[in-house]
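Counting from 1, position 90 in the sequence shown corresponds to residue 101 in this note's numbering; the numbering is continuous, with no gaps.
Source of the hints: derived by calculation from the structure; they are not laboratory data. Every value quoted in this text rests on a predicted model; they were computed, and no experiment measured them. Just to be clear, a hint being listed does not mean it is correct.
No farther apart than 20 Å at their CA atoms in a straight line, the calculated lysine to aspartate or glutamate pairs in the DMTMM-like style are these [unchecked claim]: (1) Lys100 to Asp40; (2) Lys140 to Asp122; (3) Lys136 to Glu46; (4) Lys100 to Glu146; (5) Lys136 to Asp115; (6) Lys136 to Glu86; (7) Lys100 to Asp122; (8) Lys136 to Glu36; (9) Lys136 to Asp40.
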Amino acid sequence: MTETQAPQGTGQRRELISFRIGDQEFCVDIMSVREIRGWTPATPLPRTPSFVKGVINLRGAVLPIIDLGARLGLETSAPTARHVIMVVKIGDRTLGLLVDAVSDIINLTEDMVQPTPDVACDQVKTFVKGLFALEGRMVSLIALDRVLPETEAEAA
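Model the full structure from these sequences, guided by the hints.
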């Protein structure tokens, strides 16, 4: 993992952690990430949405695992040893996000993040808070508080 310095802008600086799902790059606020760990097979739970892989034991605590690619409506593949789980804290909930790989730590300012375009469907706008260009690539900023719908959020 490397640290990438975004072009200078004005405004409050933020640190984000970027990750890949398929060919797309996303990021979340680094302060929400508690740890990054290798893929561990999850125990499926009955009657859960398709994006919920199941649960794992994380040092004695039951941790729900969300396939973030499936949650975002992207094409996903079966998890392998190369996949990682980002353990994140969303409000008072802790959950694991299954992603393909973690890439960089990015430093940027708020004014560098552009709003999600109006051409995007409502579902995309629900999950993507904004976009920014970094070294010739587009990175989407994920709204972690929207990863779980309210009913699943209460269950997790």
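* Which earlier hints can't be squared with this structure? -> 3, 4, 5 and 7
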